[in-house]
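Asker: Residue numbers (our numbering), protein chains in the order written: chain A, 1 to 215; chain B, 216 to 528.
I should point out that these hints are in silico values taken from the structure, not numbers from a laboratory. Note that CB positions come from ideal geometry on N, CA and C, so glycine has one too. Treat the hints with care, as some may be off.
[Unchecked claim] Residues of chain A clear of chain B, computed beta-carbon distances all greater than 12 Å: (1) PRO49; (2) GLU140; (3) ALA159; (4) LYS181.
[What the hints assert, rightly or not] Straight-line distance between alpha carbons at most 35 Å, and here's what the computed DSBU-like set of lysine-lysine pairs gives: (5) A:LYS181 / B:LYS402; (6) B:LYS385 / A:LYS92; (7) B:LYS429 / B:LYS385; (8) B:LYS454 / A:LYS181; (9) B:LYS412 / A:LYS181; (10) A:LYS92 / B:LYS379; (11) A:LYS181 / B:LYS429; (12) A:LYS201 / A:LYS108; (13) A:LYS108 / B:LYS346; (14) B:LYS454 / A:LYS108; (15) B:LYS454 / A:LYS92.
Residue-level listing of the chains:
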Amino acid sequence: MLPTFTLSELENDALIEIFNIGVGHAAASMSAIVNEAVRMSVPSISFIPRVEAARLLGAGSGDSGPERICGVSQHYDGAFETEAILMFPEDKSLEIVRLMVGEAVPLKELTEMEQEAMCEIGNIMLNSCVGTLANIFQRELHGSLPQYHVGTSDQILSATAAGSQADTVVLMLHIDFLLEKHQIHGYVAFVLAISALHDLKDQINLYIARVMGQA
Amino acid sequence: MNSLRLPLLESVFSAVNLGAIVLDGQRRIALWNCWMTKHSGLAHEQVLGQDFFSVCPELRGGRVEAAIQYALYNNFPSLLSQTLNKAPFALYARDERIQQAVEVTPIAVEGAPRHCLIQVSDVSIAVAREKLLREQAMVLRSQTFADGLTGIANRRHFDVAMEKEHRRAKRGGTPLSLLMIDIDHFKAYNDHYGHQKGDQCLIQVAAALADMLKRPCDLMARYGGEEFAMILPETDVDKALLMAEAIRARAQALAIPHERNTDPSQLVTVSIGIATQKADAPVEMDALIGAADRALYQAKRSGRNLIAAIQPI
């Protein structure tokens with residue numbers, strides 16, 4: 001039996017709001033780097049078992065085998081522990097980096113320097129998302145430096161998320177990234193233990209209570 | 216052994232072969248290693264205890280400051296890539312600014328507010344290697360980017376260059392001019408002199424006009440049959456008009472006979488449409504191309520061997 005986890009509609013909306021604040025900060029930082037409008041939003045989130053997460057990300061692969069994904073991961077621990085991974089299909093990661101850098105490189109893979117730029121983009125996104133979450137929950141976390149991965153979604157999830165897979169759930173954020181008329185869809189995955197999810201739910205409710213109290 | 220530990224650690228910190236700076240919770244410089252001294256020209260005694268941003272004022276308000284804030288107050292590390300942050304620290308080796316990759320990491324200190332470690336790596340060699348790789352890839356690609364007949368850039372090259380220059384102008388707040396150049400009554404020329412002569416005429420005109428471009432960022436491309444396009448970055452309306460007039464005169468000066476031309480010279484002449492995107496008023500790329508097209512049409516209708524300019528909106 002796969003673990004399931006759900007939030008109420010109100011809790012779900014509150015979490016989407018928190019992540020939208022987070023990616024809003026990230027978009028502002030990126031705009032400052034490229035001196036151009038970068039917009040980002042989180043239209044939806046979902047909680048899915050680890051196995052299904054790999055399947056969802058591999059979708060659209062067709063006959064040519066699983067799609068290659070480009071990921072940037074960071075490990076966070078403290079009040080709760082999670083592996084956060086920003087993921088794009090490989091061709092989209094080329095598009096994002098080259099749009100951000102403003103230079104066309106006729107190569108089919110990210111160069112070493114471009115991989116580092118991708119790491120910085122991931123670092124900005126993940127720190128903003130987790131930072132906003134930590135601030136709102138009034139908790140402190142510690143983060144690692146970003147790591148770059150490329151491979152199938154299954155390989156990336158396995159490489160980053162240590163420990164048993166059976167009791168982990170993935171909180172999946174759908175990210176819309178808009179730069180210079182290019183719209184790119186990606187994901188941020190938070191790999192969490194079931195126990196952390198209940199804590200997350202409690203924190204969301206504390207936040208909702210505070211917001212309602214102030215209103 | 217324990218009494219040696221601290222001085223040993225300090226010596227190791229000082230000796231590591233990358234830039235290492237430690238800031239305290241008030242963003243004052245607590246440690247500054249030898250590599251930093253060597254490449255910044257600032258000695259330990261000049262910087263220790265000083266506010267970091269009074270030592271490096273150019274870093275205030277940028278990504279480095281944001282990363283320091285994140286490390287000190289959120290406990291999160293940041294990475295600043297060379298590609299997205301062009302050499303933020305004023306560090307030099309052999310009179311050249313060092314290409315840098317920067318990491319800012321929070322450091323927990325017992326009994327004191329959190330510190331942060333800034334590590335600066337020299338990635339100049341990797342940057343140079345990738346520049347070479349990129350250039351060689353561009354050379355390979357340019358072979359598929361040349362027009363088969365005239366040897367100048369083809370339409371595909373124009374499309375790519377136009378998009379790049381349009382973005383660059385918008386980002387940099389610089390003007391961008393586009394010239395559309397068309398050989399007058401070229402169909403009649405072909406009919407009268409034959410296609411071989413027609414091809415020679417195209418080659419000759421293309422070579423002469425492309426030769427007038429002196430800056431590497433300028434591009435002349437074969438846009439259609441007898442139509443050429445010129446992308447002139449950082450060129451305002453006045454300069455574009457001067458350039459267009461010089462091109463018009465140069466084409467006529469080639470003195471290629473053209474009996475079927477309506478122009479009294481009876482030589483091959485060109486009409487030119489100009490559109491300029493102002494530095495402070497960027498427009499959509501399609502609007503710029505459309506305006507240049509309409510300007511060309513206007514020049515043709517007004518009698519050919521002329522130039523016309525239209526402001527894109």
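Asker: Are the hints correct? Go through all of them and say.
Answerer: Here is how each hint holds up against the structure:
1. Residue-level check passed: PRO49 (chain A) sits 28 Å from the nearest beta carbon of chain B, beyond 12 Å.
2. For GLU140 (chain A), the non-interface assignment is contradicted: its Cβ lies about 6 Å from the closest Cβ of chain B, within the 12 Å cut-off.
3. Every CB of chain B is more than 12 Å from the CB of ALA159 (chain A) (nearest about 19 Å), matching its label as outside the interface.
4. Residue-level check failed: LYS181 (chain A) sits 9 Å from the nearest beta carbon of chain B, not beyond 12 Å.
5. With a CA separation close to 39 Å, the supplied pair LYS181 (chain A) and LYS402 (chain B) exceeds the 35 Å bound.
6. Simply put, LYS385 (chain B) and LYS92 (chain A) have alpha-carbon atoms about 23 Å apart, close enough for the 35 Å limit, and the pair holds.
7. At roughly 23 Å between alpha-carbon atoms, LYS429 (chain B) and LYS385 (chain B) fall within 35 Å of each other, so this suggested pair holds.
8. For the proposed pair LYS454 (chain B) and LYS181 (chain A), the alpha carbon gap of about 30 Å is at most 35 Å, so the pair holds.
9. In summary, the hint linking LYS412 (chain B) to LYS181 (chain A) is not supported, as the alpha carbons are separated by about 44 Å, beyond the 35 Å threshold.
10. Among the hinted pairs, LYS92 (chain A) with LYS379 (chain B) is consistent with the structure: their alpha-carbon atoms are about 19 Å apart, no more than 35 Å.
11. Between the alpha carbons of LYS181 (chain A) and LYS429 (chain B) the distance comes to roughly 32 Å, so the proposed pair stays at or under 35 Å and holds.
12. Among the hinted pairs, LYS201 (chain A) with LYS108 (chain A) is inconsistent with the structure: their alpha-carbon atoms are about 42 Å apart, more than 35 Å.
13. Between LYS108 (chain A) and LYS346 (chain B) the alpha-carbon distance is near 16 Å, which keeps this suggested pair within the 35 Å criterion.
14. Pair hint LYS454 (chain B) plus LYS108 (chain A) does not hold up; C-alpha atoms about 39 Å apart against a cutoff of 35 Å.
15. Taking the CA atoms of LYS454 (chain B) and LYS92 (chain A), the gap is near 39 Å; set against the 35 Å cutoff, the hint is violated.
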